[in-house]
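Respectively, the protein sequence lines represent chains A and B. Sequential numbering of the first sequence, starting at 1, is according to the working numbering. Sequential numbering of the second sequence, starting at 1, is according to the working numbering.
Since the hints were derived computationally from the structure, they do not count as laboratory data. Please note: incorrect hints may appear among the correct ones.
As the list claims (entries may be wrong) - Partner residues are not named here, just some residues of chain B that face chain A (Cβ under 8 angstroms, in silico):
no.	residue
1	Phe49
2	Ala71
3	Lys72
4	Val74
Stated by the list, open to error - Below, simulated DSSO-like cross-link-like pairs (lysine-lysine); rule was C-alpha separation at most 27 angstroms, straight line:
no.	chain 1	residue 1	chain 2	residue 2
5	B	Lys61	B	Lys33
6	A	Lys276	B	Lys72
7	A	Lys193	A	Lys231
8	A	Lys34	B	Lys7
9	B	Lys72	A	Lys34
10	B	Lys4	A	Lys38
11	B	Lys72	A	Lys98
12	A	Lys130	B	Lys72
13	B	Lys5	A	Lys38
14	A	Lys264	A	Lys276
15	A	Lys46	B	Lys33
16	A	Lys34	A	Lys127
17	A	Lys34	B	Lys4
18	B	Lys72	A	Lys15
19	A	Lys98	B	Lys4
20	B	Lys26	B	Lys134
21	A	Lys18	A	Lys46
22	B	Lys31	B	Lys84
23	B	Lys72	A	Lys18
24	A	Lys231	A	Lys221
25	A	Lys46	B	Lys72
26	B	Lys4	A	Lys15
27	A	Lys38	A	Lys98
28	B	Lys4	B	Lys26
29	A	Lys144	A	Lys130
30	A	Lys127	A	Lys85
31	A	Lys130	A	Lys18
32	A	Lys242	B	Lys72
33	A	Lys180	A	Lys264
34	B	Lys5	A	Lys98
35	A	Lys130	A	Lys193
36	B	Lys72	A	Lys38
Just so you know, even glycine gets a beta-carbon here, dropped at the ideal spot from N, CA and C.
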Amino acid sequence: MDITIYTATGCARCKIVKGFMEERGISYVEKDMKADGKDDFQAFYKANRSAVFRGPEGIEFPIIYDGENIRQSIGAALAFLHAGKKLDGFFTVGTLHKEWVNGIHVSGGDPRYAEEFLYILRYLKDKNMKLQLETTGKNSGVLKQVLDEGLADVMIMDVLGPEHLYSRLAGEEIDIEDIKASLGLIQSFPEYKIRTVIAPVIREDGSVSYLTPEEIALTAKLIGEGSGSNKLPYMLKAFEPKEAQNPEFRKLEPIVNLLPYRSKARTYQVFADIEK
Amino acid sequence: MSNKKSKDELNFRDYIFYFEEHTWAKIEDGKVKVGITDYAQDQLGDIIFIQLPEVGAEFQKGDEFGQAESAKTVSQLYMPIGGKIIETNETLENDPELVNNSPYDEGWMIVIEPNDLKEVDSLLTKDLYIKLLK
Numbered sequence: 001m002d003i004t005i006y007t008a009t010g011c012a013r014c015k016i017v018k019g020f021m022e023e024r025g026i027s028y029v030e031k032d033m034k035a036d037g038k039d040d041f042q043a044f045y046k047a048n049r050s051a052v053f054r055g056p057e058g059i060e061f062p063i064i065y066d067g068e069n070i071r072q073s074i075g076a077a078l079a080f081l082h083a084g085k086k087l088d089g090f091f092t093v094g095t096l097h098k099e100w101v102n103g104i105h106v107s108g109g110d111p112r113y114a115e116e117f118l119y120i121l122r123y124l125k126d127k128n129m130k131l132q133l134e135t136t137g138k139n140s141g142v143l144k145q146v147l148d149e150g151l152a153d154v155m156i157m158d159v160l161g162p163e164h165l166y167s168r169l170a171g172e173e174i175d176i177e178d179i180k181a182s183l184g185l186i187q188s189f190p191e192y193k194i195r196t197v198i199a200p201v202i203r204e205d206g207s208v209s210y211l212t213p214e215e216i217a218l219t220a221k222l223i224g225e226g227s228g229s230n231k232l233p234y235m236l237k238a239f240e241p242k243e244a245q246n247p248e249f250r251k252l253e254p255i256v257n258l259l260p261y262r263s264k265a266r267t268y269q270v271f272a273d274i275e276k
Numbered sequence: 001m002s003n004k005k006s007k008d009e010l011n012f013r014d015y016i017f018y019f020e021e022h023t024w025a026k027i028e029d030g031k032v033k034v035g036i037t038d039y040a041q042d043q044l045g046d047i048i049f050i051q052l053p054e055v056g057a058e059f060q061k062g063d064e065f066g067q068a069e070s071a072k073t074v075s076q077l078y079m080p081i082g083g084k085i086i087e088t089n090e091t092l093e094n095d096p097e098l099v100n101n102s103p104y105d106e107g108w109m110i111v112i113e114p115n116d117l118k119e120v121d122s123l124l125t126k127d128l129y130i131k132l133l134k
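Next up, chain A with everything else stripped away, as it sits in the complex (with noise of 0.2 angstroms):
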């Protein structure tokens, strides 16, 4: 497998890439973006554009392309380089810098190659990156194993909405047991957070609306259920309809008011609040 690695001088993720890239004997060539490599990265983006991601600071590196596949920041880098696509969906680009590493899902991915997710998450810490895991709950027994080594600095929970409407919010049938067994080892990361986006649902007939605070406060519920509290750090978010994927999504109109949300919620979570 012969690899291109687009880099930016002086990026430190890159260089782990890179030396892991030596430690398998993987063949790669590097094109630093900056120095020489300019010209070929600009070839690479104007055929690739729509494929390269933009975070908040610019496009993340490193990139990584085989001739066919091309995998962003330092992660899904990684993963792709130990096990090709098998780990697709429990990497996503991340954006944070510096020593902390994100886009990394627990739920995202295929259970079946738990060991192989784990023994990316190992090599990052390795690496003295910190890690901000997030998850829907779905996967709780690969959660579990993150939390027993340790592989978690930051924990992430995204509890998509009630009991009821779990597998209809996730798009795929869900144990809402897995959930719960999640929730309940939530408390044990050492710095975590639970949220809920107000998500629009499709409903039975079809229509779509955001979910109601009545269906948060059962949310709410759900969590302190999984967890055995009543006191957990969660946060309401609002949806925001131009970054939806679904046409019709996109369709809708902000929640401008999020604070009838946030007084349902504390029916059941006393400390629920809004994210800013």
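Add chain B to chain A, keeping to what the hints say.
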């Protein structure tokens, strides 16, 4: 790697007109050539891609006609006056860095057939544009 220039190091030409959205307009034989200012290219950093409109497309003053992309950011390009695109700088497709190196000459972007040449009167002079940046 390009390092940002101080305001005093930036180059602003006389005899061209400046739009507050950081494009410039230069009248040549009744047509108007458009590009971005030295300030705009400096803010972008090394440009890696420029998207320009098709010849024949028509825009009003202030419309977005394309975008310039660097590793750091994406910047929309705005029409300083209204008109029809009659030429684009195709060289920028393979050499977008010309905009960094020569924003007022080789790095020009489009030529327009103006709807009303008098629209340039609403644009800024060099001194007013520099004042806007301060």
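Going down the list of hints, with the structure as the test:
Hint status for Phe49/B relative to chain A: holds, with the closest Cβ pair at about 6 angstroms, below 8 angstroms. Hint on Ala71/B holds. Least Cβ distance to chain A is approximately 5 angstroms, under the 8 angstroms limit. With a least beta-carbon distance of about 4 angstroms to chain A, the hint placing Lys72/B at the interface is held under the 8 angstroms criterion. Of the supplied interface hints, the one on Val74/B holds, with its beta-carbon coming within about 7 angstroms of a beta-carbon of chain A, less than 8 angstroms.
With a C-alpha separation of about 14 angstroms, the suggested pair Lys61/B and Lys33/B falls inside the 27 angstroms cut-off, and the hint holds. A C-alpha spacing of about 25 angstroms is found between Lys276/A and Lys72/B, which places the hinted pair at or below 27 angstroms, so the restraint holds. Restraint check for Lys193/A and Lys231/A: the C-alpha separation of about 12 angstroms stays at or below 27 angstroms, so the hint holds. With a C-alpha separation of about 23 angstroms, the suggested pair Lys34/A and Lys7/B falls inside the 27 angstroms cut-off, and the hint holds.
Under the criterion of a C-alpha separation no larger than 27 angstroms, the hint pairing Lys72/B with Lys34/A is consistent with the structure, at around 12 angstroms. With a C-alpha separation of about 18 angstroms, the suggested pair Lys4/B and Lys38/A falls inside the 27 angstroms cut-off, and the hint holds. Between the alpha carbons of Lys72/B and Lys98/A the distance comes to roughly 17 angstroms, so the proposed pair stays at or under 27 angstroms and holds. Of the supplied pair hints, the one linking Lys130/A and Lys72/B holds, its CA atoms being roughly 24 angstroms apart against a limit of 27 angstroms.
Using a Cα cut-off of 27 angstroms, the hinted pair Lys5/B and Lys38/A holds, with the two alpha carbons roughly 21 angstroms apart. About 18 angstroms separates the Cα atoms of Lys264/A and Lys276/A, which keeps this hinted pair within 27 angstroms; it holds. About 25 angstroms separates the Cα atoms of Lys46/A and Lys33/B, which keeps this hinted pair within 27 angstroms; it holds. Simply put, Lys34/A and Lys127/A have alpha-carbon atoms about 25 angstroms apart, close enough for the 27 angstroms limit, and the pair holds.
Restraint check for Lys34/A and Lys4/B: the C-alpha separation of about 14 angstroms stays at or below 27 angstroms, so the hint holds. For the hint pairing Lys72/B with Lys15/A, the CA-to-CA distance comes to about 20 angstroms; that is within 27 angstroms, so the pair holds. Taken as a hint, the Lys98/A and Lys4/B pair is honoured in the structure, with Cα atoms around 22 angstroms apart against an allowance of 27 angstroms. Proposed proximity of Lys26/B and Lys134/B is supported: the alpha carbons are some 23 angstroms apart, at most 27 angstroms.
Annotation: proposed proximity of Lys18/A to Lys46/A holds, straight-line Cα distance about 24 angstroms (limit 27 angstroms). With a C-alpha separation of about 10 angstroms, the suggested pair Lys31/B and Lys84/B falls inside the 27 angstroms cut-off, and the hint holds. As the CA atoms of Lys72/B and Lys18/A are separated by approximately 22 angstroms, the hinted pair is consistent with the 27 angstroms bound. A threshold of 27 angstroms between alpha carbons decides the hint, and for Lys231/A with Lys221/A the separation of about 11 angstroms falls inside it, so the pair holds.
Proximity of Lys46/A to Lys72/B is assessed by CA-CA distance (about 15 angstroms); at most 27 angstroms being required, the pair is judged to hold. Restraint check for Lys4/B and Lys15/A: satisfied, since their Cα atoms lie roughly 26 angstroms apart, inside the 27 angstroms limit. The suggested pairing of Lys38/A with Lys98/A holds, with an alpha-carbon distance near 23 angstroms, which does not exceed 27 angstroms. With a C-alpha separation of about 25 angstroms, the suggested pair Lys4/B and Lys26/B falls inside the 27 angstroms cut-off, and the hint holds.
Straight-line distance between C-alpha atoms of Lys144/A and Lys130/A comes to about 18 angstroms, which keeps the hinted pair within the 27 angstroms bound. Restraint check for Lys127/A and Lys85/A: the C-alpha separation of about 23 angstroms stays at or below 27 angstroms, so the hint holds. Among the hinted pairs, Lys130/A with Lys18/A is consistent with the structure: their alpha-carbon atoms are about 19 angstroms apart, no more than 27 angstroms. A distance of roughly 22 angstroms separates the Cα atoms of Lys242/A and Lys72/B; the hinted pair therefore holds under the 27 angstroms criterion.
About 21 angstroms separates the Cα atoms of Lys180/A and Lys264/A, which keeps this hinted pair within 27 angstroms; it holds. Distance check on the hinted pair: Lys5/B and Lys98/A sit about 26 angstroms apart at the alpha-carbon level, within 27 angstroms; holds. With a C-alpha separation of about 16 angstroms, the suggested pair Lys130/A and Lys193/A falls inside the 27 angstroms cut-off, and the hint holds. About 14 angstroms separates the Cα atoms of Lys72/B and Lys38/A, which keeps this hinted pair within 27 angstroms; it holds.
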